[in-house]
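Asker: Sequence:
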Amino acid sequence: MKSKKYMFVILLIILLTGKAVKGYSQDTFTIKGNCEISEAGTLYIFLVDELGSKKPMTGIQELTIEIDSCNNQKLIEFYFRDIPKGKYGIRCFLDMNGNGKLDFKLFSAREPWGMSWKNKRKSGILSFSDYSFIVDSDTELKTIKVE
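Its first residue numbered 34, the sequence shown is counted upward by one per residue in my numbering.
In short, the hints are calculated from the structure, not lab data.
Hints are all accurate, no fakes.
Subject to a maximum C-alpha distance of 25 Å in a straight line, what follows is the list of computed DMTMM-like cross-link-like pairs (lysine to aspartate or glutamate): (1) Lys118 / Asp82; (2) Lys134 / Glu99; (3) Lys138 / Asp163; (4) Lys87 / Asp136; (5) Lys155 / Asp128; (6) Lys87 / Asp128; (7) Lys175 / Asp60; (8) Lys134 / Glu95; (9) Lys178 / Glu69; (10) Lys120 / Glu83; (11) Lys120 / Asp171; (12) Lys118 / Asp163; (13) Lys155 / Asp82; (14) Lys151 / Asp163; (15) Lys153 / Asp82; (16) Lys178 / Asp128; (17) Lys155 / Glu173; (18) Lys88 / Glu144; (19) Lys153 / Asp169; (20) Lys138 / Asp128; (21) Lys120 / Glu95; (22) Lys153 / Glu110; (23) Lys120 / Asp82; (24) Lys134 / Glu69; (25) Lys153 / Glu83; (26) Lys65 / Asp82; (27) Lys175 / Asp115; (28) Lys88 / Asp163; (29) Lys88 / Asp128; (30) Lys175 / Asp82; (31) Lys87 / Glu180; (32) Lys120 / Glu110; (33) Lys118 / Asp169; (34) Lys153 / Glu69; (35) Lys107 / Glu180; (36) Lys175 / Glu110; (37) Lys120 / Asp169; (38) Lys155 / Glu69; (39) Lys155 / Glu180; (40) Lys178 / Asp163.
Using the sequences and the accompanying hints, generate a full structural model.
Answerer: So, in structure tokens, the structure goes:
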């Protein structure tokens, strides 16, 4: 009789645990994109959320791709995987002098850069809403021109 009670309790725990885990599972998605470049260097690609968009050289996920040579134009394919639903943006730059950062001259960047623009590329003070997009399924972005 006791073994049946124990068996019932164990079965109940297994069932409840399974429902609890299932209830907390979260769908994740893949973001696919391309960066168009025309020079060699190290391509840094950052996936950012709104909070992370305020910090340079950081992201929720980041990719670093070495480009040894580039004649004319070259498309570099990238993926960010296991991304939960949310609002994100892509920002990237091509480090041509190997110092690991985006260099600036007086009022603009000295090295090529790009973002996942909603419309046309902007200059001046940028806001997250200028380059953010919603992820609620696997997402393929339009080509980001790094210029």
